[in-house]
Amino acid sequence: MGLTLVGLNHRTAPVEIRERLYWPVAEVPGVLQKLAGASGARAVLLSTCNRTEFYLSESPAQALEVISRQASARLGQPLDPYSYVLQERQVAEHLFRVAAGMDSLVLGESQVQGQVREAWEAAQSSADPVLHRLFQSALRAGGRVRAETALGAGAASVPSASVELAHKIFGDLSGRKALVLGSGEMAELAMGLLVSEGVRTVMVAHRHLEHAAQIAEKLGGRAVEYDEAWPMFGEVDVVVTSTAAPHAIVTMPHVGEVVARRGGRPLCILDIAVPRDVDPVVGRLDNVFLYDIDDLQGVVAATIGIRRREMPAAERIVQQELRHFWDWYGGRGAVDAIRQLRDHAEGLRAAELERALRRLAHLGPADRERVEYLTRALMNKFLHGPTRALRTAAGNGDDRELAEAVRRLFDLGEAPTHPEAGPHQQ
Amino acid sequence: MPALAAAFTAVVLHFAALLAYARNTGALPLSGMAPALSSLGFLVGLLAFLVLWLTRERAIALVAAPLVVLLLVAALSTGFGSTPSQAPTRGAWFVLHVGASLLGLALIAVAFAASALYLLQHRELKARRFGAIFQVFPPLEQLDRINHIALVLGFPTLTLGVVLGAGYVGLEVGMERIGPAHLGVGLGAWAVLGAMAGLRLTGLLRGRRAAMGSIAGFALIAASYTMLVLLQHGFRRFL
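Those sequence lines, one after another, are chains A and B.
Read left to right, the first sequence gives residues 243 to 668 (my numbering).
Read left to right, the second sequence gives residues 127 to 365 (my numbering).
Simulated from the structure, these hints should not be mistaken for lab results.
Predicted model only: the values in this text are computed from it and were never measured.
We treat Cβ as the ideally placed atom computed from N, Cα and C, and that holds for glycine.
Incorrect hints may have been included.
[Unchecked claim] Label pairs and their computed distance ranges (CB to CB):
(1) R255(B) x V500(A): 25 to 35 Å
(2) R382(A) x V262(B): 21 to 31 Å
(3) R335(B) x P488(A): 32 to 42 Å
(4) M338(B) x I546(A): 32 to 42 Å
[What the hints assert, rightly or not] Derived coverage of chain B by chain A (criterion: at least 3 residues anywhere in the stretch with Cβ under 8 Å from a Cβ of chain A; other residues may be distant):
(5) 247-253
(6) 256-262
[Said to hold, decoys possible] Computed list of chain A residues with no C-beta within reach of chain B, every gap over 12 Å:
(7) D345
(8) V348
(9) G413
(10) E459
(11) H489
(12) L532
(13) V541
(14) W568
Extracted from the complex, chain A is given alone in its bound form (with noise of 0.2 Å):
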């Protein structure tokens, strides 16, 4: 068995499936383990929220039944209804795009070239040569198309538009003041976001100070009573609204003249409460930047339609590299092939052009060089037909079966492992 990938992932199985099925990278060895104790098998472990995948090269059979086994355990009901089985080339060219984000639920996301990198990491001991090369070869791929395409370009989720808007404002975030009004996980998450991007002094009013004092510990900021953040409106750079009150909180009466007094100094107001916090008139004075959730989404939208249209350009940087890597993959079963073949021939040409020349011993140096030259272009003459089939076959990524044939027509036995550099020995 080839290369051999069997797994799920957010297109094939709902979240409480993946959820079940996922390991952390922390037990990612021991499973590893196991299942090259039970089958034999040389193997990677993907595991994210989105996808579970057993990467395989050269396994027996008995691996990806193995798997099932153990997964469907996990599962508390059978794989096979979610799971799919890649072989071969397909492997590498589902790896590739998956270290690139092309099969990622948000299109672009970085998180996964480094999720990739992580398996690869943690199967350093359970992976072979092929292993390797093929996850070197598929965070290369992720790199070019994160480097030379706008893939990853963009806000994909509302918390990064909410970065995203604030930068398209200010520019550099360092140093910024932020206020945050009332709680939610989504603000928090984009407030959490604009701190890691530089801003600095973050002010947190709640109906409930205590409440407000819980979130400004998570930001690192300072919980204020619910009335002072009216005059922070003149301060402040960001506000981010999240109050679960039913109707418009933030309104011309409350912000209107501390917003006028600003002197021109743009404010952006993230409204991601619904029913919206803030009155739609406030966003209409002048240097007032307005934004509730249908907007954060509308720029999360705008950026996928972008990341689409960049798919061709990573499709080509992905199939570069796969025709890379499979160059070598299927060359290397046709290097070895070959070389086993020559390696027989001459052992046989020798010892018996050895034999023959002990009874031919009245020749001189002259015809015993002619003999000697008569076997090796008899032998290359054999060997050229056999060689060059496993070269094109080689060439069009179908040498294995050929080697493999030859190797028995020709009694050369094993095909031989080669030592290559895992993560950590590069």
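Given chain A, put chain B in place with the hints provided.
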């Protein structure tokens, strides 16, 4: 970055052309309408390249490049043939006066370019449109900063040009040879830029208003110079 390389190549080629002109005519490309316009185009291109290099924001070229092309088309349509000069001398005073004035004007042109981008990006952000302009144009504050720097640097440069112009007129030409329109436009441009720079420095003008002011100031100066070029004749003809 291909945009940076292209801009660098354009600026270098333009500089080489100006050098070739100077070598062929034995004079700096400052005297005469076409050489001066070409030099102004070169300075606008050079400053736009510097902005591009420092900020990596390619959008500045969207305004700067057409502006440079416009200046070059104007220069080519005017013609690079030898301009008969009735001025008594065209020595160091003149060269420095025109050089500083052109640099001041080029800085105003950069402020104009940044302001045009600012207003477009501002409109998109206010209208909550997230298309090509939103994606490609630089952040508002960055454009405002470019406008601020260009105006604040432009004013002392143009002031130097005006002072040197006064020295040139007083010492080498004589007041009677300079038309009132020439004086009016020169001092008018200086006053407009001075007002803008002052308001920016004091913080009274920023953001959208500064952008609109810069565009209005640039338009006023450009229109005044054009009128001057079209209406004046002889030595009184500008440049």
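If I claimed the Cβ atoms of R255(B) and V500(A) lie 25 to 35 Å apart, would that claim hold in this structure? Taking Cβ atoms as reference, R255(B) and V500(A) lie about 28 Å apart, which means the hint holds.
Annotated coverage of the stretch 247-253 of chain B by chain A, confirmed only when three residues or more have a Cβ within 8 Å: holds (count 3)
Just want to verify: H489(A) was marked as not at the interface with chain B; is every Cβ pair farther apart than 12 Å? holds, 22 Å
Just double-check E459(A) for me: nearest Cβ-Cβ distance to chain B has to come out over 12 Å. holds, 30 Å
Exclusion check [L532(A) not at the chain B interface, CB over 12 Å]: violated, 8 Å
Taking 12 Å as the cut and beta carbons as the points, is V348(A) off the interface with chain B? holds, 17 Å
Reported absence of G413(A) from the contact zone with chain B (all CB gaps over 12 Å): Contrary to the label, G413(A) does not stay out of reach of chain B, its closest Cβ about 4 Å off (not over 12 Å).
Range first: 32 to 42 Å. Now tell me if the beta carbons of M338(B) and I546(A) are that far apart. holds, 35 Å
With 12 Å as the threshold, tell me whether D345(A) passes as away from chain B on beta-carbon distances. holds, 24 Å
Taking 12 Å as the cut and beta carbons as the points, is W568(A) off the interface with chain B? holds, 31 Å
The hint says 32 to 42 Å between R335(B) and P488(A); measuring C-beta to C-beta, is that right? holds, 38 Å
So is the stretch 256-262 of chain B in contact with chain A by the C-beta rule, three or more residues under 8 Å, or is the coverage claim wrong? n = 4 at 8 Å, threshold three: holds.
Checked against the numbered hints listed earlier, the structure breaks hints 9, 12 and 13; every other hint is satisfied.
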